[in-house]
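**Student:** Given only the sequences and the hints, what does the whole structure look like? Please build it.
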Amino acid sequence: MAVSVSSERDTVASPVQRAFREALYAGAISLGLFILFIGLKTDQNISNQLILAQRWGLLITVVVLTMLGRFFYIAYGQPFMANQKIADVATGLLPASVASRFFQLPAFIVAVVLAVILVAFSSALPALVGPDLAGYLQFLRALAVIYALACVIFYFRAFIHANFTKLGIAALVLYPILVVVVLSVYAWSIMGGLQGSLKWVDNYGIQILIYVMLAWGLNIVVGLAGLLDLGYVAFYAVGAYAYALLGSHYGLSFWILLPAAGAMAAFWGVLLGFPVLRLRGDYLAIVTLAFGEIIRLVLINWRDVTNGSAGVSGIPKVTFFGLMTFNSSDPNYIGKVLDIAQSSAYYKIFLYYLILALALLTAFVTTRLRRMPVGRAWEALREDEIACRSLGINTTTTKLTAFATGAMFGGFAGAFFAARQGFVSPESFVFLESAIILAIVVLGGMGSLVGIAVAALVMIGGTEALRELDFLKSIFGKDFTPELYRMLLFGMAMVIVMLWKPRGFVGSREPTAFLRERKAVSSSFTKEGHG
Amino acid sequence: MSANSMKDAILQVEHLSMKFGGLVAIGDLSFQAKRGEITALIGPNGAGKTTVFNCITGFYKPSEGMITLNGADGSSFLLERLPNHEIPARAKVARTFQNIRLFSGMTLLENLLVAQHNKLMKASGYTILGLFGIGGYRRASAESVELAKHWLEKADLVDRADDPAGDLPYGAQRRLEIARAMCTGPELLCLDEPAAGLNPKESAALNSLLMDIKSSTSILLIEHDMSVVMQISDHVVVLEYGRKISDGSPQSVRTDPRVIAAYLGVDDEEVETVLTEVGDEDVIEQLDIGPDSAHGPGTSSSYLAGPVSDTIGHSEGERVTVSKGASKAAQFDARVSAAPRKPTERATAKPAGKSPTSKPRGGRK
Ligand SMILES: Nc1ncnc2c1ncn2[C@@H]1O[C@H](COP(=O)(O)OP(=O)(O)OP(=O)(O)O)[C@@H](O)[C@H]1O
Ligand SMILES: [Mg+2]
Numbered sequence: 011m012a013v014s015v016s017s018e019r020d021t022v023a024s025p026v027q028r029a030f031r032e033a034l035y036a037g038a039i040s041l042g043l044f045i046l047f048i049g050l051k052t053d054q055n056i057s058n059q060l061i062l063a064q065r066w067g068l069l070i071t072v073v074v075l076t077m078l079g080r081f082f083y084i085a086y087g088q089p090f091m092a093n094q095k096i097a098d099v100a101t102g103l104l105p106a107s108v109a110s111r112f113f114q115l116p117a118f119i120v121a122v123v124l125a126v127i128l129v130a131f132s133s134a135l136p137a138l139v140g141p142d143l144a145g146y147l148q149f150l151r152a153l154a155v156i157y158a159l160a161c162v163i164f165y166f167r168a169f170i171h172a173n174f175t176k177l178g179i180a181a182l183v184l185y186p187i188l189v190v191v192v193l194s195v196y197a198w199s200i201m202g203g204l205q206g207s208l209k210w211v212d213n214y215g216i217q218i219l220i221y222v223m224l225a226w227g228l229n230i231v232v233g234l235a236g237l238l239d240l241g242y243v244a245f246y247a248v249g250a251y252a253y254a255l256l257g258s259h260y261g262l263s264f265w266i267l268l269p270a271a272g273a274m275a276a277f278w279g280v281l282l283g284f285p286v287l288r289l290r291g292d293y294l295a296i297v298t299l300a301f302g303e304i305i306r307l308v309l310i311n312w313r314d315v316t317n318g319s320a321g322v323s324g325i326p327k328v329t330f331f332g333l334m335t336f337n338s339s340d341p342n343y344i345g346k347v348l349d350i351a352q353s354s355a356y357y358k359i360f361l362y363y364l365i366l367a368l369a370l371l372t373a374f375v376t377t378r379l380r381r382m383p384v385g386r387a388w389e390a391l392r393e394d395e396i397a398c399r400s401l402g403i404n405t406t407t408t409k410l411t412a413f414a415t416g417a418m419f420g421g422f423a424g425a426f427f428a429a430r431q432g433f434v435s436p437e438s439f440v441f442l443e444s445a446i447i448l449a450i451v452v453l454g455g456m457g458s459l460v461g462i463a464v465a466a467l468v469m470i471g472g473t474e475a476l477r478e479l480d481f482l483k484s485i486f487g488k489d490f491t492p493e494l495y496r497m498l499l500f501g502m503a504m505v506i507v508m509l510w511k512p513r514g515f516v517g518s519r520e521p522t523a524f525l526r527e528r529k530a531v532s533s534s535f536t537k538e539g540h541g
Numbered sequence: 002m003s004a005n006s007m008k009d010a011i012l013q014v015e016h017l018s019m020k021f022g023g024l025v026a027i028g029d030l031s032f033q034a035k036r037g038e039i040t041a042l043i044g045p046n047g048a049g050k051t052t053v054f055n056c057i058t059g060f061y062k063p064s065e066g067m068i069t070l071n072g073a074d075g076s077s078f079l080l081e082r083l084p085n086h087e088i089p090a091r092a093k094v095a096r097t098f099q100n101i102r103l104f105s106g107m108t109l110l111e112n113l114l115v116a117q118h119n120k121l122m123k124a125s126g127y128t129i130l131g132l133f134g135i136g137g138y139r140r141a142s143a144e145s146v147e148l149a150k151h152w153l154e155k156a157d158l159v160d161r162a163d164d165p166a167g168d169l170p171y172g173a174q175r176r177l178e179i180a181r182a183m184c185t186g187p188e189l190l191c192l193d194e195p196a197a198g199l200n201p202k203e204s205a206a207l208n209s210l211l212m213d214i215k216s217s218t219s220i221l222l223i224e225h226d227m228s229v230v231m232q233i234s235d236h237v238v239v240l241e242y243g244r245k246i247s248d249g250s251p252q253s254v255r256t257d258p259r260v261i262a263a264y265l266g267v268d269d270e271e272v273e274t275v276l277t278e279v280g281d282e283d284v285i286e287q288l289d290i291g292p293d294s295a296h297g298p299g300t301s302s303s304y305l306a307g308p309v310s311d312t313i314g315h316s317e318g319e320r321v322t323v324s325k326g327a328s329k330a331a332q333f334d335a336r337v338s339a340a341p342r343k344p345t346e347r348a349t350a351k352p353a354g355k356s357p358t359s360k361p362r363g364g365r366k
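Protein sequences, first through last, are from chains Y and C.
Mind the numbering: the first sequence is residues 11 to 541 in the working numbering, read in order.
Mind the numbering: the second sequence is residues 2 to 366 in the working numbering, read in order.
Hints were generated in silico from the structure; no laboratory data involved.
No farther apart than 25 Å at their CA atoms in a straight line, the calculated lysine to any residue pairs in the SDA-like style are these:
1. C/Lys123 x Y/Ala523
2. C/Lys35 x C/Ser253
3. C/Lys123 x Y/Phe284
Listed next, the stretches of chain C that the computed footprint assigns to chain Y, with coverage defined by at least 3 CB atoms under 8 Å from CB atoms of chain Y:
4. 78-89
5. 102-108
6. 159-170
It should be emphasised that the depicted structure is a prediction, and the values quoted were computed from it without experimental measurement.
C-beta atoms are modelled at their ideal positions from N, C-alpha and C, and glycine is treated no differently.
**Tutor:** In structure tokens form, the structure reads like this:
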């Protein structure tokens with residue numbers, strides 16, 4: 011028979027048998043992996059000696075859980091998914107049939123009612139049911155809200171898909187207003203609303219937008235020109251220190267220093283560009299990595315200017331275009347000028363709109379540049395450098411402009427960062443930052459602005475949200491700190507997304523010009539570039 | 002050579018040599034390409050044809066020699082002195098690659114727009130004016146789309162203008178690469194095996210496209226497919242092991258015994274037979290038809306030739322030495338002058354991974 015013998019065994023073996031086998035393999039692998047990580051732990055005894063604590067029980071639990079997981083996945087999960095065709099292979103989206111069974115009107119109503127009740131009684135809950143249960147109920151509330159929102163999004167999916175950019179920008183513009191209104195209603199006072207909005211606007215809004223802007227800047231270098239830059243944070247640092255030093259020593263205004271910081275970062279981009287132009291791929295990545303570290307070490311060691319690792323503090327705040335300030339002691343403090351109560355939220359909301367404007371500027375310039383010869387040359391460079399040269403494109407200047415443009419936006423973001431923090435130190439510009447920004451670009455889909463914004467929302471918003479998961483404490487014990495697991499979850503999310511969508515959230519590419527109709531280019535044709 | 006013929010030569014290659022370590026890929030090569038003509042460069046695999054192209058288009062700096070390009074406006078450029086990217090931009094020499102190099106993730110239209118980079122760059126005030134919508138960028142951009150459309154129509158690809166280039170079938174990719182090269186507005190177009198891998202119908206379409214281009218642009222052509230070479234070229238230069246062994250009209254080249262010897266490979270026992278056969282029109286006819294385009298090694302060899310990185314980015318350390326005895330044409334020469342029955346070594350250093358050309362013996366009964 012022509013049928014191969016090896017495949018016969020798979021077809022004969024029932025899912026359960028196969029699952030059993032796979033579970034044994036998974037158990038063996040996890041045992042090998044975890045025996046040193048979990049089975050043994052170094053500890054100190056009373057006389058401060060290093061001892062090995064043995065945790066075989068925990069090890070066995072983990073291994074058994076792994077085996078069970080694998081067993082159930084192979085025996086039931088996989089056949090179920092195959093039956094449902096749960097994930098559409100091409101788009102990675104749920105097909106309508108499963109999704110519409112999941113999002114149903116009765117369930118939606120239950121979720122909304124549940125959310126409303128829990129919100130209404132949220133302050134009374136701990137007293138009623140005890141703090142532990144209240145934590146779980148808060149979690150349930152969050153799930154209900156998420157489910158209700160997902161239902162709404164699912165219902166309007168066609169409309170959202172068609173107008174994603176406009177809706178996204180509108181949502182971003184309205185976000186602080188919405189937060190303040192909702193929280194004011196909730197706290198039953200505008201002052202309380204403003205105070206409560208600090209966390210949402212600052213920790214989430216501004217933080218995420220800074221990363222969106224940085225990732226959009228890096229996208230020019232990595233996503234469009236295909237030059238792998240592992241030291242992007244250096245330009246961020248240049249921008250931040252440019253504003254911090256010039257602003258605090260010479261008292262120059264943010265509005266003058268913002269372009270200056272961008273120009274300075276672009277200058278450094280060109281300086282870095284020159285020596286590394288001939289390098290490609292891995293070599294380029296290593297040199298840019300080194301460049302990032304060099305800048306950081308200079309910041310640490312050039313104490314006379316940068317104040318070393320102690321950092322620069324007392325960085326002046328941004329003014330409202332020179333008309334009003336946000337220092338309550340100034341005569342033209344915004345509260346006094348507009349005759350409103352004093353609050354630190356104004357500054358945060360103003361900063362939010364500032365970084366939103368800067369990020370949108372980055373997006374605007376990027377989309378504009380993509381339709382111009384330089385932008386096309388960047389993408390062509392990513393596709394095939396030799397062909398570029400055969401068409402008379404000066405690859406040297408093309409790469410330099412990519413480096414400089416990307417660096418300039420990094421510089422803008424840096425200046426903003428310094429103004430927002432009021433304090434900068436070399437610690438903010440470690441390699442991990444570069445890695446996170448690059449991860450956002452890769453996760454979002456190289457070259458796609460929307461994908462990158464979503465990736466930043468998920469990665470930065472997600473890791474911020476992990477700080478809030480206090481209910482986990484009631485599961486894992488009081489000294490469990492969710493923040494410590496941020497990086498683990500971060501890595502896991504990366505792996506999952508890369509398995510699910512190897513080219514990032516948005517893998518396809520929008521053509522920059524068309525003759526008859528605009529068709530997205532599938533990711534299977536685009537290249538990542540060789541450096 | 003009269004002064005007149007010097008004048009209408011668009012490209013003059015003089016005493017060109019290219020050495021890779023110990024390997025002489027091109028040795029003292031001189032030839033001319035005339036304006037308005039199709040000049041074919043042929044030779045067995047590894048003869049150094051692609052290397053000549055890479056020298057002309059600045060991808061390699063020749064070890065010795067001079068390459069002059071005479072522009073239509075009377076300007077002339079020494080190509081070996083120009084930086085790589087200025088050769089298409091200033092000297093107006095465009096090229097295609099033996100293994101197609103398209104921007105596969107970009108649409109056909111975008112491919113052709115990238116080719117007009119320098120023109121558009123100027124029109125957009127080096128991006129700065131264009132970014133703010135000042136200046137003539139909008140008009141220039143519309144014109145460039147028109148030019149792209151013109152060449153898409155010529156290459157019969159206009160229906161697929163908005164598809165990614167990587168999605169095209171092989172033959173269409175070859176035509177697109179030619180269209181892209183033409184969008185740079187060249188005076189000399191260098192084509193490296195444009196007919197490789199095409200079926201007879203596509204090959205015929207290519208011939209007519211090239212004849213069309215010829216009316217405005219001179220062409221330098223590398224081709225293994227003899228039907229293409231004999232039909233459309235005005236002048237043929239034959240290389241073997243980096244040396245020119247014949248130069249002239251297609252008619253004269255096809256009857257040159259040195260060329261036949263180079264293409265067939267000459268064994269000791271066969272040398273007399275070849276000598277007697279070269280006079281025989283039938284046999285020559287048979288040889289000239291060459292490998293048929295569908296399965297002959299002549300065409301398939303270009304598949305075997307490996308990626309261009311093979312030819313462009315060879316490692317420095319690789320040393321191949323070619324002994325004198327390797328050249329079939331030289332063997333032939335030696336036999337004509339000296340005693341015919343001398344034992345000679347067979348080709349010692351064939352470049353690795355390359356197949357010998359044009360059906361050595363199987364083709365001849
Ligand atoms: N960069 C390089 N480094 C070292 N050797 C090279 C390099 N490029 C080409 N060669 C060698 O030069 C010789 C001529 O190669 P070339 O590619 O020019 O042949 P060709 O005539 O184009 O052959 P084909 O018909 O197979 O395309 C070969 O022996 C090749 O191995
Ligand atoms: Mg070749």
